[in-house]
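Kindly produce the complete structure, drawing on both the sequences and the hints.
In this note's numbering, the protein residues as written are 18 to 294.
The hints are simulated quantities; they were obtained by calculation from the structure and are not laboratory data.
Be careful, since some hints might not be right.
[Said to hold, decoys possible] So the derived label-pair ranges between C-beta atoms look like this: (1) His73 to Arg225: 32 to 38 angstroms; (2) Val82 to Gln32: 28 to 34 angstroms; (3) Gly155 to Ala182: 44 to 50 angstroms; (4) Thr28 to Ala201: 26 to 32 angstroms; (5) Glu75 to Ser171: 38 to 44 angstroms; (6) Pro72 to Val285: 54 to 60 angstroms; (7) Met124 to Val285: 49 to 55 angstroms; (8) Arg121 to Gly155: 27 to 33 angstroms; (9) Thr122 to Thr180: 37 to 43 angstroms; (10) Val285 to Ser213: 20 to 26 angstroms; (11) Pro290 to Gly97: 28 to 34 angstroms; (12) Gln214 to Ala182: 25 to 31 angstroms.
These numbers come from a predicted model, not from an experiment.
Note that CB positions come from ideal geometry on N, CA and C, so glycine has one too.
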Amino acid sequence: MTTIMTMTTHTTVEQILASMGAAGSRIDHLGACEAGAGNISVCTTAELELGGLFPHTEAIDLPWVVPHLAGRTVFVTGSGCRLRDVAAAPTANVAAITIDEGGRTGMLHFADDRAYARPTSEFNSHLAVHEDQVARRGVDYQAVIHAQPPYLVSLSHMKEIRTTAAFNRRILRWEPETIVQLPAGIGVLDFMVPGSQELMENNVAGLREHQIVLWSKHGIMVRSDDSPLAAIDKVEYAEAGAMYEYRNIAAGGVGEGLSDEELHRVVVAFDVPTTLF
Numbered sequence: 018m019t020t021i022m023t024m025t026t027h028t029t030v031e032q033i034l035a036s037m038g039a040a041g042s043r044i045d046h047l048g049a050c051e052a053g054a055g056n057i058s059v060c061t062t063a064e065l066e067l068g069g070l071f072p073h074t075e076a077i078d079l080p081w082v083v084p085h086l087a088g089r090t091v092f093v094t095g096s097g098c099r100l101r102d103v104a105a106a107p108t109a110n111v112a113a114i115t116i117d118e119g120g121r122t123g124m125l126h127f128a129d130d131r132a133y134a135r136p137t138s139e140f141n142s143h144l145a146v147h148e149d150q151v152a153r154r155g156v157d158y159q160a161v162i163h164a165q166p167p168y169l170v171s172l173s174h175m176k177e178i179r180t181t182a183a184f185n186r187r188i189l190r191w192e193p194e195t196i197v198q199l200p201a202g203i204g205v206l207d208f209m210v211p212g213s214q215e216l217m218e219n220n221v222a223g224l225r226e227h228q229i230v231l232w233s234k235h236g237i238m239v240r241s242d243d244s245p246l247a248a249i250d251k252v253e254y255a256e257a258g259a260m261y262e263y264r265n266i267a268a269g270g271v272g273e274g275l276s277d278e279e280l281h282r283v284v285v286a287f288d289v290p291t292t293l294f
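Rendered as C-alpha cells:
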C-alpha cells in the first residue's frame, strides 16, 4: 500500500488553471458533475501576473465577508460552466478574483472568452471555507471542490445510515487503503438547501474536522492544501467505498467487509492518526 504524494501547483496562473482542468476532467470521469453541476476554487497567496490571461477587470461584492483573504487571489469556476470544459478552455470557465482589504469586495479578472455571468452559486461556501482555514491554520494555498459522486449521494438517501458514525463504518470497511487516506472519515450533514447560509455554516464546521463533508441528497465538498487533484484523490477513495457498499446492499448484504479489529490492525500498522478504529 502506498500513500499518494501530490505536488502543490501554485507557482503560475497557467499551473493553477491546468490543475483545475485536470481535476475537472477527473470529476467528469467519475460521473460526479452532470452538466453545469460541480465547482472548483483555489485560494493562494502567490504573487501572480493575471493580466496576460485575464486582461479585463470589474469590481464585485463578495457573497461572504472574508477579511483574512485580503490580498489573496481566488480562482473559481463560473456559474453554469461545465467542469469537463475547464481543461480545454480555462479562461472561458474560470474567474480570478483578488480580494480587497476588509474582505467585502474584490476585483474580478476575466478574459475575452468569458462564458459565465458570475462565479458559481456555491461561491459563498467556497469563500467561507477558505476564510475559516486561513484564519485557523494560516494556509497559503488551498483547493476546494464541490461535486456529486453518484454512489456517495445514493447512500445519503438511506436514512438508517445518514449519520457520520454509521456512514463511515459502511464505506471504510471495504478496502484497507480507505482509512489510511481518510483518517478522519467523512462528515455527514443532513439535507440543506444548496447555496443557503445554513449549508455554508455547517459545511465550514464540518471541514474543520474532516477533509470531506457529505451534503446529504446533494453532493460533497472536499478541501486540500496540496492541489485540486489531491482533493479528488480523496474523493476517489470515498466513492470507491460507497460503490462497494452500494453493490453489497444490491447483492443482499452478503459481504463481510473488514471487521473493526481488522481495521484497527491497519491503523496500527500504518500509524494512522485516527480515533475511528
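Hint-by-hint comparison with the structure:
A C-beta distance of roughly 36 angstroms is found between His73 and Arg225, which places it inside the suggested range of 32 to 38 angstroms. Under the hint 28 to 34 angstroms, the C-beta atoms of Val82 and Gln32, about 29 angstroms apart, fit the expected range. A hinted range of 44 to 50 angstroms for the beta carbons of Gly155 and Ala182 is inconsistent with their spacing of about 31 angstroms. As the Cβ distance of Thr28 to Ala201 is approximately 29 angstroms, the hint placing it in 26 to 32 angstroms holds.
The hint said 38 to 44 angstroms for the Cβ distance between Glu75 and Ser171, and at roughly 40 angstroms that hint holds. At about 56 angstroms, the CB distance of Pro72 to Val285 agrees with the hint of 54 to 60 angstroms. Between Met124 and Val285 the CB atoms are about 51 angstroms apart, so this pair conforms to the stated range of 49 to 55 angstroms. At about 21 angstroms, the CB distance of Arg121 to Gly155 disagrees with the hint of 27 to 33 angstroms.
Separation of Thr122 from Thr180 is about 40 angstroms and conforms to the stated range, judged on CB atoms against 37 to 43 angstroms. For Val285 and Ser213, the Cβ-Cβ distance of about 42 angstroms falls outside the hinted range of 20 to 26 angstroms, so the restraint is violated. For the pair Pro290 and Gly97, the beta carbons lie near 40 angstroms from each other, so the given range of 28 to 34 angstroms is not met. Checked against the hint of 25 to 31 angstroms, the C-beta distance between Gln214 and Ala182 comes to roughly 26 angstroms, which is consistent with it.
In summary, the numbered hints that this structure violates are 3, 8, 10, 11.
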